[in-house]
Each structure stands twice: as C-alpha cells, then as structure tokens.
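Trainee: This is what each chain is made of:
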Amino acid sequence: MSAVMEGRADGPTLRQRLAARGIDGATLLVLPCVALILGLFIYPFLYGLMLSFEPKDGSLFGNYARFFSEPFLYGTIFKTLRLAFPVTLLNLLIAIPIAFRVRLLRRQRLLTTLLVLPITLGTVLVAEGMLFYFGPQGWFNRSLMAVGLLSTPVSVLNGYWGVFISLVLTGFPFTFLLTLSYVSGIDPSLENAAATLGAGPAARFREVFLPLLVPGLAITFCLSFVQAYSVLPSAVLVGDPANVTRVISIAAYQAAFEEYDYSMASAIAMIMGAVQLLVVVAVLGCRSLFYRGPAAGAKG
Amino acid sequence: MQKSVMSRLWIFAVWAMIGLFLINLMGLIASVLTSSVATRWLGTWLPAGFTTRWYFAAWDEFQLGDVLWVTFQAVGAVVVLSGLLGVPAAYALARREFPAKRFVMLLLLLPLLVPPITYGIPLATVLYKAGLGGTLTGVILANLVPTVPFVVLVMIPFIEQIDPRTEAAARVFGANIFQMFVHVLVPVLMPGVLAALLLVLVRTIGMFELTFLVSGPGSQTLVVALYYAVFASGVRAVQSIDAMAVIYMVTTLVWLIVALRFVNPTQIVGRGKRPAS
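Chains as they are written, first to last, in the UniProt record's numbering: chain F, 1 to 300; chain Y, 1 to 277.
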C-alpha cells in the first residue's frame, strides 16, 4: 500500500509498473479461463487426492492397500496395459509406412477426411457398429467365408479381440494423422541430399528420417497410448467387462457409480493417472537418448 | 531390376493396408445404415425388405426429441462459453509477456494431456457434492474443461500472426479494449474463431466420457443415450438402436463436413498448429 503512495508521489504509478511487467487490462482477460481450470480441473484433482486418503475404514492408505491386495482390482492395471501397449505399438507401426506413402500424395484430403470419420464418430458408435458387422452373421464373417478363408465364423466379440479391433479402428486414424503431421514437417531436401549421396530407401529411412522422427513418434506414442489406456465404452460393449477386458476405468466407474464409494473411486483414478504418467515419462525419457534438433533444414 | 519389384511390392502392401482398413470401416458404417432400414435381417447378405419405421420407433422409444434438445442446449452452451472464455485468454497469452505465463500455459495443457476418464471421476464427485451432478449445468461445466484450453491453444497462433499495429492504431483512435475487441479483433479473427468453435462442436457432440460420468436421466446427450441403448440391447429391437446410431452419425457428420470446409482434418486430432520438429 505504501508502495502505491510513494509511486504516486514520484516515479511510475503501480499501474505503470505493472504494465511494464506485462500486466494490464488485457492480461486480466486470462483470469476467467484460469479460474475455470483451477476450479474444475485442479481443485477436483486435489479434492480427489485428499478423498482417496479418507477411505471408509478410516485408515490413511486403506484404499490403496485394498487396491493392491485384491487381484480383482490390481489385475485391472495389467489387463489395461495388455490391451493398450500392443494396440498403440501396432497402430504406430502401421501408421509410419502409410504416412510415408501418403506424404507423397497431392490429394491427401479425401483420405484424411475418411480417416477422421471414426475419430469423430467415437468409440460408442464404432462399438455399436462392430456388434453387427463382426457378428456371426455380419458382413465380415460372410465375406471371409465366401472367399474361403474361413469355414466357420470367427467370434471376435465379447472378448479381448473385440476391444483390440475397436481400439485399432478409432486409434489408428488418430496415430496416423499425428504421424503424418510430423512426417510432413521434415524438409524433403534432406531426403534428396541423402539420395544424391547414394542412400537407398531403407538407408534413407534409417539414417535420415528415423532420427528426426523419434521425438515426434515418442509424443504420438504417448498420446495414442493414453487414449487406448483410458478406454471405457468399447471394453464394456464389445469386450468381456467381467473378466478379460475389465480395464481400470471400469473398476473406477464401478467403485463410483455402483458402490457409491467415491473415496475408492478417487484412489483408482489416482492410480490410473500415476500409471499413465509413469509410461509417458518412461517413453519421453527414452526420447532424450536420440537426436534432438531442427527437422526443417538449415535455412530459416 | 529386383529392387523395383521389391519397392513395388512394398507400395502395394502399404496400399493394401489402407484399403483393408477403409473397407472394414465402411462396411461397419454401412451395416449400421442397412440394419436401420431393414425389416428382417437374419442369415442373409441383405435384409428381406426395407422400411423407415424403425426411425419412428427409435424416436418414441428413446425420447430422441428430448435427447436432441438436451444435446443441442449442452453443445450450444459449451461452444459459446468456450469461445467467450477462450478467445480473450488466447489474446492475453499471445500479446503479453507476464510473470506467470509459463504456469498458465502448463495449466491449459494439463486437461488436454490427462484423459477425460481420469479427471472425470474426481470432477463428477465434486459436481455431485455441489448438487450439480446429473444436471445440464453440470454437463456443460464438465465439458468446458477440455474445450476452453483447446480454443486457447488453437487461437494463440492465429492471434500472433495479426500485426500488433492494427490494435495500436485502434487504441490511438481512442478505442477502449472492449471496443477494440468488438470492432477490430473479432472481425479479423473470425475465421480462426469459427474453425476453433466448429472443432469444439464436433468434439463435444462426440464427447462420451465426461458427459457419461456427469449426466443424469434428464441430461443425457445423444452419445450417452446411444451407449445406454446398446448397453441394454436385447430389450429393444436391434434396428431401432441402429436407427438411433444413424441419427447420431448424421448429427455428427453434418458438423464434421461443415468443419472440414474451414479446417484441416489433422487439426481435429492435433491441438492447433504443431511445430515442425
């Protein structure tokens, strides 16, 4: 307060000094947005964290102790990882060669538009469509039997593979579009230079593109993994939610809305977040072992 | 010579993968469409006959009129509010350097990096404790968490590329910050705002997890109602669930087509402009 008084007497006012540090009327426009995130994201998270340490039995770590002692609960972590890891890896491995092919196309728009479809429609609709399409009488089994690849219909629904396929259908486009944006960001003259020096396609990929792509691919892996990891609708609708595909989000949902144990639900949500964070940190940590630098060429 | 055969095989394999994916995707969507207009479809390639009655049945059974109205209200409110909150914040972040800026940016990135189901459960708990769980207000508030940061992050590069002298000129001619916003910035930023809000629209219609965790019987959006219909399938005819799925697809795809006139498909996945490296 005295600073303001002094400021008025001689030298800049508080308003002017704040403006010099970048705070004026326009800066305050950020406040409603910050308040929203603090109130609806940070506060609930901290509240959930506190709540998870106040279990029904009264002990501090009761929820966590229960989670890690009951196989029905801690098993969900491995069930989730067993789905999310292979799916993310497969999506990434398919996305890389396709992105390299599509990057050369003039008219990418039609293809990218088609691929955006499953993302916008979402897992609920894809799961709904799968129920019929991959069913014993669906077009998938019929076509394979018609060309003679199958003698009896395969049953992918209500199990691990149903969820796996639904995660590929919604996850692959996501992974692909991210990969494509990274691949298109690499200056083509780098490839031309390598080709001029006599590198074949495989060598160009290995020696030029891969090192430049690794940081982007690490981020793509993380974002795709987090999506696959937090799957809920398809694990219920096309999976086997009581056994093989009882993923961790189902456990959290059941604790909250079927047992009405919000404390336990918060604990599971915190464990879920922690496992995700561990994987993301591990993947991004590996990234630092590789080249980091500009991928856009020397100029500019 | 052998090399070119190898590379042709490789190219063929890559295109075969794309083709396989697209065929299955289209087959999946087409079977929902066909089933929704089928009279009886058991053990044949195509149904025995076609009818539109499932649409009327679905409309009555699932109270789709109410559900669509709720969806319209929720999505409309989310779009308007995230524009009103997000665009000014993006302006402040694009134009000013202030001490806590890095902290604010981190704060905005977090809701986009943490998946909805993880923060949705504590958020739903808080909203239920506050008496907002199961209400339309609760659904709108929950959906604002990912959309406001999304708008901010899409708009920052847009605002940065506008010449700051435009605003300086407006201020010189005596416009206050509100007038400058309404008469100078909004018209210039309109394409960007439109693109960002259309993306918010498409994402909010399809946002399942948050709405699912927060909504109650009277505040379900279309995608949540569809989930419950599929979840409880067996009670109702498959075709009427498929008809509902088609109605959901149409609502989403109309806006997707509108959005794609203004944005690049990769923007639906990414969060605005991505640095090249």
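Treat the hints with care, as some may be off.
[Claimed, not checked] One side of the interface only, derived from the structure: several residues of chain F facing chain Y at Cβ under 8 Å:
id: 1; residue: F41
id: 2; residue: L93
id: 3; residue: P97
id: 4; residue: V116
id: 5; residue: L125
id: 6; residue: M130
id: 7; residue: W139
id: 8; residue: Q227
id: 9; residue: A282
id: 10; residue: G285
[What the hints assert, rightly or not] If you want the footprint, here are the derived chain Y segments under chain F, 3+ residues with CB under 8 Å:
id: 11; segment: 15-29
id: 12; segment: 55-69
id: 13; segment: 87-99
id: 14; segment: 114-123
id: 15; segment: 153-161
id: 16; segment: 248-259
Derived from the structure by calculation, the hints contain no laboratory data.
No residue lacks a Cβ here, since even glycine has one placed at the ideal position from N, Cα and C.
Trainee: If a hint holds in the structure, say so; if it doesn't, say that too.
Mentor: The hints, checked one at a time:
1. F41: 5 Å, holds
2. L93: Constraint on L93(F) not satisfied, violated at 11 Å.
3. P97: Hint on P97(F): holds, closest Cβ of chain Y at ~5 Å, below 8 Å.
4. V116: 4 Å, holds
5. L125: 6 Å, holds
6. M130: Holds. Min distance 6 Å.
7. W139: 5 Å, holds
8. Q227: 7 Å, holds
9. A282: The hint is violated - A282(F) has no Cβ within 8 Å of chain Y, the shortest such distance being about 15 Å.
10. G285: Because about 16 Å separates G285(F) from the closest Cβ in chain Y, which is outside the 8 Å limit, the hint is violated.
11. 15-29: With 10 residues closer than 8 Å to chain F, the segment 15-29 of chain Y meets the three-residue bar; holds.
12. 55-69: Contact hint for the segment 55-69 of chain Y vs chain F: violated, 0 residues under 8 Å.
13. 87-99: Result for this restraint: holds, n = 10.
14. 114-123: Three-residue rule met by the segment 114-123 of chain Y, so holds; n is 9.
15. 153-161: violated (count 0)
16. 248-259: Holds, because 5 residues of the segment 248-259 of chain Y bring their Cβ atoms closer than 8 Å to Cβ atoms of chain F.
In summary, the structure is inconsistent with hints 2, 9, 10, 12 and 15 from the numbered list given earlier, while agreeing with the others.
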